[in-house]
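The primary structure of each chain is shown beneath.
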Amino acid sequence: MNKRILSGTHLFQGDEACVEGAIAAGCNLFAGYPITPATEISERLSWRLFDVGGIFVQGADELDSLTIVIGAACAGWKSMTATSGNGICLMQECIGYAAITETPCIIVDVQRAGPGTGAATKTMQGDVYQVRYGSNADYSIIALAPESPQEMFDLTVEAFNLSETYRVPTFILADEIVGHMREKVVIPEKVKIIQRKRAKFPPQEFLPFKVESDTDVPPMPAFGEGYRMPVSGLTHTETGSPSTDYEVQKRMVSRLWNKVEKNVEKITKIESAYLEDAQVIVLAYGSVARSAKSAVLEARRQGLKIGYLRLITIWPFPDKVIENIAKRKPKAIIFPEMNMGKMVREVKRVAGERTKVISFPKPGVELHKPKEIYNLIRRVTN
Amino acid sequence: MKKHPALKYFRFDRPGNPHLWCPGCGIPQIWYYTIKAIEELKLDIDKILWVGGSGCTGRMCTYWIGDYFHTLHGRPLGFATGVKLANPELTVICHMGDGEVAGIGGNHLIQTARRNVDLTAIVVNNFNYGMTGGQFSPTTPRGAFTMTSQLGHIEYPFDLCKLAATCGATYVARWTTFHSRALINSIKKGIQKKGLSFIEVISQCPTQYGRRNKIGNGMQMMKWFKRSSIRKEKAEKTPKEELKDKFIVGEFVDIEKAEFGASLRGLIKKRRKESVKN
Ligand SMILES: Cc1ncc(C[n+]2csc(CCOP(=O)(O)OP(=O)(O)O)c2C)c(N)n1
Ligand SMILES: [Mg+2]
Chain Y
23 MNKRILSGTH
33 LFQGDEACVE
43 GAIAAGCNLF
53 AGYPITPATE
63 ISERLSWRLF
73 DVGGIFVQGA
83 DELDSLTIVI
93 GAACAGWKSM
103 TATSGNGICL
113 MQECIGYAAI
123 TETPCIIVDV
133 QRAGPGTGAA
143 TKTMQGDVYQ
153 VRYGSNADYS
163 IIALAPESPQ
173 EMFDLTVEAF
183 NLSETYRVPT
193 FILADEIVGH
203 MREKVVIPEK
213 VKIIQRKRAK
223 FPPQEFLPFK
233 VESDTDVPPM
243 PAFGEGYRMP
253 VSGLTHTETG
263 SPSTDYEVQK
273 RMVSRLWNKV
283 EKNVEKITKI
293 ESAYLEDAQV
303 IVLAYGSVAR
313 SAKSAVLEAR
323 RQGLKIGYLR
333 LITIWPFPDK
343 VIENIAKRKP
353 KAIIFPEMNM
363 GKMVREVKRV
373 AGERTKVISF
383 PKPGVELHKP
393 KEIYNLIRRV
403 TN
Chain P
344 MKKHPALKYF
354 RFDRPGNPHL
364 WCPGCGIPQI
374 WYYTIKAIEE
384 LKLDIDKILW
394 VGGSGCTGRM
404 CTYWIGDYFH
414 TLHGRPLGFA
424 TGVKLANPEL
434 TVICHMGDGE
444 VAGIGGNHLI
454 QTARRNVDLT
464 AIVVNNFNYG
474 MTGGQFSPTT
484 PRGAFTMTSQ
494 LGHIEYPFDL
504 CKLAATCGAT
514 YVARWTTFHS
524 RALINSIKKG
534 IQKKGLSFIE
544 VISQCPTQYG
554 RRNKIGNGMQ
564 MMKWFKRSSI
574 RKEKAEKTPK
584 EELKDKFIVG
594 EFVDIEKAEF
604 GASLRGLIKK
614 RRKESVKN
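Chains as they are written, first to last, in our numbering: chain Y, 23 to 404; chain P, 344 to 621.
One chain only, chain P, in its complex shape (with noise of 0.2 Å):
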């Protein structure tokens, strides 16, 4: 049999045989996508960093076979930001769940793409706090049935995009995991950007939420992303009516910014040179 590409960059010895997800879960495909990315960008496994938080989402930094951060639940982005001050040579790649990017850890995205901090943040948006079973998040959309919103959610969700944008993200991106081949370029973009990348992963929880909002399997969920997806460039032309349940994606932000700790260090440099003068 083929061993799997991304098996090289795998950590066998993790709960679950061999990873823990659902089956027809989208978070090891987006694994594999942010694998992708890092072979074909040819990066050191040893100068990169997997950061993630508590969740679904958050255990994708525990299978990979480098350094990883797995962080508090929400906080991955503050945690990053310490890491990447101290070491600008390692590129630091953060997974996050929709739950703790817009929930818990609100002020930790806005504040990370504030200060334009040279990290990737992925965002594996499965509509719901998938680890614990279930539960609405902030991009739960309205009628939804989630098991804290059993009769059909009444609040509005985020566009994490639009929030990372006037945030201040110097890239930002939305795809699903249909989106394979655009969604790998997005993240390998974001590598490179020198600042907050910001890249929403629209991701499939048929455990949880299809199976509850009778959208069906992973496959079946897969369709719904395609059937239901517009890009960016074609939704502008679009009437606003028609964009109701769609998922607009693209690439919304590609911006040049001074990055936060580029610029940090340019103090250092700016005290020396007064320190010399003196």
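For reference, chain Y alone in the conformation it holds in the complex (with noise of 0.2 Å):
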């Protein structure tokens, strides 16, 4: 098993697939804490990121995981740790520090039901806000949401490359029933990887956060190249020098934050069907989309016109999506989600007057069943 990709097809756990997304991805350095229903990416990591040269640390706990995960990769590993929403309540900090210190880095959340120590072994989309939303002030962060341990595999690889290309924390926002599920896995022969960019100039003419081109992503030599990084967590100038100045926190913060949010539009994936001739459309991420998508074709099936619409990407969120369907004026947009009705907000933002958003919440536990969802299609339609 010493080989990177695994490739062929296998019969996989979502938790397993996101680890062979992992070091197909070049994953070289993991540090976790046990906790459900993340679990068995340490599990399964303990062994085989030794198989290709790579380390496994059992973290003390959440934050001591993931200080040693951004450690790694300041020093040029790529880098990642797995938990759930206690979990990432206790990273927050760190969260805020690979931002400001612009550290790719990769953060699976395996979604479990909450708040609190909440029900551990089910599921929930309950912390779509804190990985946004979690840590002080203002940043931007990626994060996508798979609907199978395909997806587990293939948005793995795909957050190891947004990571590094944009320098920023990058989320699997997985729940429960897609890290336990087992399904079949086909992992291809090659895969397609990004590395950070690195410095074009001598050190003696590097200025650490300067930006080279268009993008405002600065290239990020490691510890040890003869660069002397100057790493901090206060805000700083382009040579790294700590500052309390306006201009200077403008500056970076505005960097920090467009540099995701101005290439929303190259980071969206979506999925979608039917959207033509749809009157209504049923938007979902995440393990709900399954259902959702069943939910259509039976409509389809009945004759309706329904439409459908997956979220991958839900950070940064894609107005312009939204916007587009909106723009159509469909007599409704459906939104099931698995927690009281937060990413409905976003749409709503976005959809405005221009038609009815209908929020269809479930507090976590249990998923929302086809028939649920194809039930309030009827209603709707109706």
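Some hints here could point you the wrong way.
Stated by the list, open to error - Listed next, the in silico DSBU-like pairs over lysine-lysine satisfying Cα-Cα at most 35 Å (straight line):
#	chain 1	residue 1	chain 2	residue 2
1	Y	K232	P	K351
2	Y	K232	P	K385
3	P	K537	Y	K219
4	Y	K272	P	K351
5	P	K613	Y	K25
6	Y	K212	P	K612
7	Y	K219	P	K566
8	P	K612	Y	K232
9	Y	K214	P	K385
10	Y	K222	P	K351
Claimed, not checked - Computed list of chain Y residues with no C-beta within reach of chain P, every gap over 12 Å:
#	residue
11	A53
12	R70
13	K349
14	E368
15	E394
Said to hold, decoys possible - Residues from chain P shown here face chain Y by an in silico Cβ test under 7 Å; the list is partial:
#	residue
16	L386
17	D389
18	H413
19	T424
20	G425
Calculated directly from the structure, the hints in this document are not laboratory data. Yeah, the Cβ is synthetic: ideal placement off N, Cα and C, and Gly gets one too.
The two chains are supplied separately, each in an independent frame; assemble them into the complex guided by the hints.
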């Protein structure tokens, strides 16, 4: 098992597929604290990573884990952690630190029902805000929501690539269902891998946080490469010097924000079907999308003009995608979510008065049944 | 005028003129002692990483000319572990405050010592939270006055060296800013040791601690350290009552033990061998 890419067809749990995605993408270090339903990620990595010359560490807690992950990333390695909602709570300070230091790192959140300890073995989509807004002040992150073990593989590779490209913490926002279900996973012969940008200038001419080209992302030398990198969680100038100046703050925060938000169209991934003639659109993400898809197919069989839209990228929020469907003024957008209605606020913000946005919340533990979504479609179309 | 020998290792474009520490503070002294150790060991600047957290001590790294990692309050050892695992060639030196290492970051110390990660952890113990204005810390002595123990401190302080030793550090020493040569030697030993080296430096914070406890300015505080220090060897033969209010200085632990990163890399080799066999 010393191959990085386990090409072939497998029957994998979502958590296992995530591990293979990480290793295929070049992950060299994982540190994580056991927590249901993400523990299987640690367990598989605890031997699999050593096979490919990487290192697995069981963190003493989530703070220990993410500090180790960020440290390894600053030394030039690709690294990852995995946890669930209450683990994310503990990681928030480190997430902000990764954001301000622009350190690529992958945080897999296999969501469970909460709040608090909640129902550890059950599912929920409760963390969509805390991964986006959980740390203090303003920064951007990327979050991808897989719907299947196959996507746990594909999107983990993608997450590494995005994280390296934009130098931001990137989340796999899975949930217990996707993490624990077993399905066919096809791993290709080769995967596309992106490495972080390296400095073009020799150390004497290099400014650590100066943007070299039209992007908002500076190149990132590793510690020990002679660039004398000043990495700090303080507001800093292009030289890395701490500053409390308004202009410095404005420039830095704008860049941390814009480097993701301005590239939202490049980052966005969606899946859609039957939008052309749709009078009502069912919108979903993550495991709920499986039930949504099933309900839409049934409605189509019954001759109803129902469209389907799945957000794969949930942060940065794809305003344009919602804008485009709102423009067509469908009768309604139905949005089932396994929380009390979180992402629906984003949809309402973009859609405005142009269409009715109907939230279908469920508070966790139980996934929406296709029938429940189908019944709602019926009520809305009648 | 003769230039200070440490200046060639100093970043001049950082806040303060030339730095942000108060007059009489012990931190710049320890900064220089660290430089002396690096110089005497003839280490390559580009293969050294200085790590710090948040606090007056935490700012030490931001003046170091080479790579630095100015991390979160209390968590330098976690970040440093990650770096060291990815690049074992680097010499990683962490400076932390007493509040960081024994309060908010206590678990990082415990776990890093238990794992025996090859890092040098230098703790500046100024008996209080200096940067936030002098509140009590887990090392503040009973009875001392700080901004949050204005009625006299009622908690018991940690013995940081005993803590580190119990948790498994392979080199443990305590000095004060008065013991410059011994401290430099300890830092050198710590850097060379393959494992976690823990060096506590009792240091003066005249602005907060010295003033509120009527000990005086930086010089007077150092005289207090000189007066109150007793070597470990001598302390062992001294009755307990006489050791009250004394700083026991010296080397407490100096052992060899498998280091964390090396052991982890051993697992890579082990799996390679197994896969060849199969
Ligand atoms: C999570 C968090 N809590 C609180 C602080 C505020 N804070 C910054 S420095 C500091 C105290 C530092 O004391 P110590 O570690 O002893 O270092 P010193 O300043 O005395 O060198 C505190 C409480 C912080 N930066 N982060
Ligand atoms: Mg202190």
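* Would you say Y/R70 is clear of chain P, with no C-beta pair closer than or equal to 12 Å? -> Check fails; 9 Å does not lie beyond 12 Å.
* Nearest-CB test (12 Å) between chain P and Y/A53 -> The claim is violated: Y/A53 sits with its nearest Cβ about 7 Å from chain P, within 12 Å.
* **35 Å limit on alpha-carbon distance, applied to hinted pair Y/K272 and P/K351** => Given pair Y/K272, P/K351 holds - Cα atoms ~32 Å apart, limit 35 Å.
* Regarding the pair P/K537 and Y/K219, is the alpha-carbon distance no greater than 35 Å? -> Given pair P/K537, Y/K219 holds - Cα atoms ~33 Å apart, limit 35 Å.
* Asked: With 7 Å as the cut and Cβ atoms as the points, is P/T424 at the interface with chain Y?
  -> holds, 5 Å
* Does P/K612 pair with Y/K232 here, judged by a C-alpha cut-off of 35 Å? -> violated, 41 Å
* Minimum Cβ distance from P/D389 to chain Y below 7 Å? -> Nearest chain Y Cβ about 5 Å off; hint holds.
* Asked: Hey, Y/K232 versus P/K351, does the alpha-carbon distance stay inside 35 Å?
  -> Between Y/K232 and P/K351 the Cα gap is close to 25 Å, so the pair holds against 35 Å.
* Should the hint that P/G425 touches chain Y count as held when the rule is a Cβ pair under 7 Å? -> holds, 2 Å
* Is the Cα-Cα distance between Y/K212 and P/K612 35 Å or less? -> holds, 26 Å
* Given as non-interface: Y/E394, which should sit over 12 Å from chain P by C-beta -> holds, 44 Å
* Asked: Hey, does Y/E368 actually stay past 12 Å from chain P on C-beta?
  -> The claim holds: Y/E368 sits with its nearest Cβ about 30 Å from chain P, beyond 12 Å.
Consistency note: the structure conflicts with the earlier hints numbered 7, 8, 9, 11, 12, 16.
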